[in-house]
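Number of protein chains: 2
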Amino acid sequence: MHASADRASNQPQRKGGLTPRADDFPRWYQEVVAEAGLADNGPVRGTMVIRPWGYGIWELLQRALDDRIKAAGAENAYFPLFIPESFLQLEAEHVEGFAPELAVVTHAGGKQLEEPVVVRPTSETVINSFFAKWIQGYRDLPLLINQWANVVRWELRPRILLRTTEFLWQEGHTAHATEDEARAYALRIFQDVYVDTMEQVCAVPVVTGHKTARERFAGAIRTWSCEGMMGDGKALQMGTSHELGQNFARAFSIEFANDKGTLDYVWQTSWGVSTRLLGALVMAHGDDFGLRLPPALAPTEVVVLAVRDEPDVRTAADALMAELAAAGRRVRLDDRFHLGFGRRSVDWERKGVPLRVEVGPRDLAGGQVTMVVRHLRTKAPVPLAGVVAEVDRVLSTVAGDLADEARAFRAARTSDVATVEEAVEVGRSGFARLPFPALGPDGEDRLAGESLSVRCLQRADGSVARTDTDEADLVAVIGRSY
Amino acid sequence: MHASADRASNQPQRKGGLTPRADDFPRWYQEVVAEAGLADNGPVRGTMVIRPWGYGIWELLQRALDDRIKAAGAENAYFPLFIPESFLQLEAEHVEGFAPELAVVTHAGGKQLEEPVVVRPTSETVINSFFAKWIQGYRDLPLLINQWANVVRWELRPRILLRTTEFLWQEGHTAHATEDEARAYALRIFQDVYVDTMEQVCAVPVVTGHKTARERFAGAIRTWSCEGMMGDGKALQMGTSHELGQNFARAFSIEFANDKGTLDYVWQTSWGVSTRLLGALVMAHGDDFGLRLPPALAPTEVVVLAVRDEPDVRTAADALMAELAAAGRRVRLDDRFHLGFGRRSVDWERKGVPLRVEVGPRDLAGGQVTMVVRHLRTKAPVPLAGVVAEVDRVLSTVAGDLADEARAFRAARTSDVATVEEAVEVGRSGFARLPFPALGPDGEDRLAGESLSVRCLQRADGSVARTDTDEADLVAVIGRSY
Numbered sequence: 016m017h018a019s020a021d022r023a024s025n026q027p028q029r030k031g032g033l034t035p036r037a038d039d040f041p042r043w044y045q046e047v048v049a050e051a052g053l054a055d056n057g058p059v060r061g062t063m064v065i066r067p068w069g070y071g072i073w074e075l076l077q078r079a080l081d082d083r084i085k086a087a088g089a090e091n092a093y094f095p096l097f098i099p100e101s102f103l104q105l106e107a108e109h110v111e112g113f114a115p116e117l118a119v120v121t122h123a124g125g126k127q128l129e130e131p132v133v134v135r136p137t138s139e140t141v142i143n144s145f146f147a148k149w150i151q152g153y154r155d156l157p158l159l160i161n162q163w164a165n166v167v168r169w170e171l172r173p174r175i176l177l178r179t180t181e182f183l184w185q186e187g188h189t190a191h192a193t194e195d196e197a198r199a200y201a202l203r204i205f206q207d208v209y210v211d212t213m214e215q216v217c218a219v220p221v222v223t224g225h226k227t228a229r230e231r232f233a234g235a236i237r238t239w240s241c242e243g244m245m246g247d248g249k250a251l252q253m254g255t256s257h258e259l260g261q262n263f264a265r266a267f268s269i270e271f272a273n274d275k276g277t278l279d280y281v282w283q284t285s286w287g288v289s290t291r292l293l294g295a296l297v298m299a300h301g302d303d304f305g306l307r308l309p310p311a312l313a314p315t316e317v318v319v320l321a322v323r324d325e326p327d328v329r330t331a332a333d334a335l336m337a338e339l340a341a342a343g344r345r346v347r348l349d350d351r352f353h354l355g356f357g358r359r360s361v362d363w364e365r366k367g368v369p370l371r372v373e374v375g376p377r378d379l380a381g382g383q384v385t386m387v388v389r390h391l392r393t394k395a396p397v398p399l400a401g402v403v404a405e406v407d408r409v410l411s412t413v414a415g416d417l418a419d420e421a422r423a424f425r426a427a428r429t430s431d432v433a434t435v436e437e438a439v440e441v442g443r444s445g446f447a448r449l450p451f452p453a454l455g456p457d458g459e460d461r462l463a464g465e466s467l468s469v470r471c472l473q474r475a476d477g478s479v480a481r482t483d484t485d486e487a488d489l490v491a492v493i494g495r496s497y
Numbered sequence: 016m017h018a019s020a021d022r023a024s025n026q027p028q029r030k031g032g033l034t035p036r037a038d039d040f041p042r043w044y045q046e047v048v049a050e051a052g053l054a055d056n057g058p059v060r061g062t063m064v065i066r067p068w069g070y071g072i073w074e075l076l077q078r079a080l081d082d083r084i085k086a087a088g089a090e091n092a093y094f095p096l097f098i099p100e101s102f103l104q105l106e107a108e109h110v111e112g113f114a115p116e117l118a119v120v121t122h123a124g125g126k127q128l129e130e131p132v133v134v135r136p137t138s139e140t141v142i143n144s145f146f147a148k149w150i151q152g153y154r155d156l157p158l159l160i161n162q163w164a165n166v167v168r169w170e171l172r173p174r175i176l177l178r179t180t181e182f183l184w185q186e187g188h189t190a191h192a193t194e195d196e197a198r199a200y201a202l203r204i205f206q207d208v209y210v211d212t213m214e215q216v217c218a219v220p221v222v223t224g225h226k227t228a229r230e231r232f233a234g235a236i237r238t239w240s241c242e243g244m245m246g247d248g249k250a251l252q253m254g255t256s257h258e259l260g261q262n263f264a265r266a267f268s269i270e271f272a273n274d275k276g277t278l279d280y281v282w283q284t285s286w287g288v289s290t291r292l293l294g295a296l297v298m299a300h301g302d303d304f305g306l307r308l309p310p311a312l313a314p315t316e317v318v319v320l321a322v323r324d325e326p327d328v329r330t331a332a333d334a335l336m337a338e339l340a341a342a343g344r345r346v347r348l349d350d351r352f353h354l355g356f357g358r359r360s361v362d363w364e365r366k367g368v369p370l371r372v373e374v375g376p377r378d379l380a381g382g383q384v385t386m387v388v389r390h391l392r393t394k395a396p397v398p399l400a401g402v403v404a405e406v407d408r409v410l411s412t413v414a415g416d417l418a419d420e421a422r423a424f425r426a427a428r429t430s431d432v433a434t435v436e437e438a439v440e441v442g443r444s445g446f447a448r449l450p451f452p453a454l455g456p457d458g459e460d461r462l463a464g465e466s467l468s469v470r471c472l473q474r475a476d477g478s479v480a481r482t483d484t485d486e487a488d489l490v491a492v493i494g495r496s497y
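Protein sequence lines, in the order shown, are assigned to chains D and L.
Each residue of the first sequence is one higher than the one before, counting from 16 in the working numbering.
Each residue of the second sequence is one higher than the one before, counting from 16 in the working numbering.
Bound conformation, chain D alone:
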């Protein structure tokens, strides 16, 4: 891969040394993930290494999510990786959903285990076994817990960052005294944490709604989902929030004495987003030259690129670094003079750093530097004295531009349709919006035959449907999913 970058200028059909996105989207995706230094495949099939640049993005995303989760009142905790196999059996739908994907530890400490343990695919079972201990009365409710953890689901068709055998995520688990309260909390997390993070932090507009019974989380009574449209028109499920009703409460005997003193099962929610969001950023914002990052998720917002190893250049670059750091920017100096200027520029372009400030002797003689805006690929001179202000100004526009572009792309590939046949046609390259009654009883089977699915149900105006919405007023958003 690295060698091809040096030949980029001789290969106009491979802009920036990458396969053009329009030619082969999956291949382009793999190349960007590798060349931007986001992730590598691990030695065990389906696992991955999240490299420093990818992990740096994840850390910023974690912080954004964690701040919002805490603002919604949940506290972080940590539950064991290993779950007794018998726990999984307790909720019938849940075990049916996850059994085919489990990794099982049969030997440990040099001996065969009496009861095999599974590596958590999700933590409903083990967490609810503790909720049963911790919850006695209504004053223990609501119990709002979040966990940052790795989980394992053995994938038949792994795809780096999007569908990996092991991934990192947060999973929230809550218990409430009433169904209304649980539903309101599942929706609060959905809107205030997930949709807000996707749109305001990731700059990825999302379609929102609830899943059909077929697509629901194993064990849930309702799953709220936000779905982004990727650069190939396919849908990526970016985050889900579930109402679990009393399913797990019955399975794990999570009872509480209500304020009248009678025993009742708690009402629950669970919700999660994962490192697949790193893949979403690539596929929603990437272009033929690599990744494009919204500044809020850029481990480096501005690179100061010293063009030549000369004292004046070094002095000016150091001064700019100090100024930008003092202004609170995440900034990095590139003084890798042993590499060519072009190669260094391509590196930062691929990584999606929003801004480059090139400091070279010719510009300096004129009291200026060159600013390169990654998402627009524009270059312009900026007077030295005005760099910090211009950096502020440009960075404040990036997320909005990326979101607008993604929204326009999605609008161009979304159509209202009247029949399943039309939905199949539109869904091949985008989203079809079909009135729910037109889906019919065999509609989802027919879609599945065409590798399509209902991504979510929503109201005709695109808003999330409350449970009392007449089903006749719902619209099914149909697309091909990752």
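Watch out, some of these pointers could steer you wrong.
With a straight-line cut-off of 30 Å between C-alpha atoms, the simulated DSBU-like cross-links for lysine-lysine are [said to hold, decoys possible]:
1) L:Lys148 - L:Lys275
2) L:Lys126 - D:Lys126
3) D:Lys85 - D:Lys126
4) L:Lys85 - L:Lys126
5) L:Lys85 - D:Lys85
6) D:Lys148 - D:Lys275
Ranges between beta-carbon positions, derived for each pair [to be verified]:
7) L:Arg203 - D:Arg408: 35 to 41 Å
8) D:Arg408 - L:Glu108: 56 to 62 Å
9) L:Ala340 - D:Ala114: 23 to 29 Å
10) D:Arg323 - L:Asn273: 21 to 27 Å
11) D:Glu74 - L:Ala340: 39 to 45 Å
In short, the hints are calculated from the structure, not lab data.
Positions of the beta carbon are idealized from the N, C-alpha and C atoms, including for glycine.
Using the hints provided, position chain L relative to the given structure of chain D.
Coordinates of chain L only, in the frame set by chain D:
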């Protein structure tokens, strides 16, 4: 447990409802871990649940460590949980050290695996397999990587937080061009990250030095260790930094072209600290009434305890909350009026919250509140207008007081000795400092027979020995370890 708390006042021998520390230290430890809400045992033997209060402390400790690790130039990344069994075989000492503790996945996705995978006990092998890909020339060095992760070591005698089958930690892995550089980096992490965090953040004074060959990390050529003295006089290894020499580089063929163009193996380090530090905080600072936290690690620094459900009390408590939050304090309101005042006070005392501000009608009538300092167990009235300043003043003294107390305790239980016999005597309840030559060739065996060990070697003045220090000038610090 909860029931006993309510009877505390009738049981003077069980202060605060806990077993007195001096009566049964291990039992007292278990009770504090449970009653402070730090952790619970998990359903699979040896695993644990880190509860919100414990995890909140861990998050603050993580931040403190992570800031220092990043300041030392390392970047975070994430490597897979699953490691092919064959990887472990590559470094002979390493596999010998870890083989008895491995958990092995033999089945996944409903099938038996062709090659079993082990759940990482530490990540040297998998990380170094990537270093071999990423490192080509001297310009790729140093490579400084850190990972926050869970690891699994099947424990025969698990003890909550201290020795658990699964624990959370950070593990750093670095590669350098020269032995000197690797050694300097291992020591930099040791001093600037670990010793600084233990002493300045955890307020636990540590004895520092390097391990004997017998006690070294499996695969290392030198292990630097910091050891704290717990409240029973035993030693807890709180953090280790290893020089790996070229052992793993040879095993994984991590070669680089040096600046003369010839191939050489890299020189490496690895280093880690874990959630056992939560146990260290309990055992180093806890008293008969529970945990005592230095403010830097207290998820809540100040509790505002509203004594009675009256409008004036609520108004004053809310105003204080707002003032303290505005001053940047982590503050929490306790208005659980359905619980008795005593029970609520005991709760916060057990959790080790450094300060309580009690807001009651009688105090308010006099324009004041009552401030309770946890680590001293003192109560004093403070005028309402002076609360924020007094909170600042008191909090600024807590860590120093705790460290002084721990240092005095350690000094009282540390003696210079001249023979192994004397070391055995002193080591039963503290640290013995024995000139290294007096240890003799069978000294470590004799200590092991008494359940003692050399915790570290250091210079006579207590400082860390450089590798060129004459062994005759070294002192062995001997104690009983966790």
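Going through the hints against the structure:
Proximity of Lys148 (chain L) to Lys275 (chain L) is assessed by CA-CA distance (about 21 Å); at most 30 Å being required, the pair is judged to hold. Under the criterion of a C-alpha separation no larger than 30 Å, the hint pairing Lys126 (chain L) with Lys126 (chain D) is consistent with the structure, at around 20 Å. Taking the CA atoms of Lys85 (chain D) and Lys126 (chain D), the gap is about 42 Å. The hint is violated against a cut of 30 Å. Taken as a hint, the Lys85 (chain L) and Lys126 (chain L) pair is broken in the structure, with Cα atoms around 42 Å apart against an allowance of 30 Å.
In summary, the hint linking Lys85 (chain L) to Lys85 (chain D) is supported, as the alpha carbons are separated by about 25 Å, within the 30 Å threshold. Between the alpha carbons of Lys148 (chain D) and Lys275 (chain D) the distance comes to roughly 21 Å, so the proposed pair stays at or under 30 Å and holds. As the Cβ distance of Arg203 (chain L) to Arg408 (chain D) is approximately 40 Å, the hint placing it in 35 to 41 Å holds. A hinted range of 56 to 62 Å for the beta carbons of Arg408 (chain D) and Glu108 (chain L) is consistent with their spacing of about 57 Å.
Between Ala340 (chain L) and Ala114 (chain D) the beta carbons are some 48 Å apart, a value that contradicts the proposed interval 23 to 29 Å. For Arg323 (chain D) and Asn273 (chain L), the Cβ-Cβ distance of about 26 Å falls inside the hinted range of 21 to 27 Å, so the restraint holds. Between Glu74 (chain D) and Ala340 (chain L) the C-beta distance comes to about 26 Å, which lies outside the given range of 39 to 45 Å.
Checked against the numbered hints given earlier, the structure breaks hints 3, 4, 9 and 11 and satisfies all the rest.
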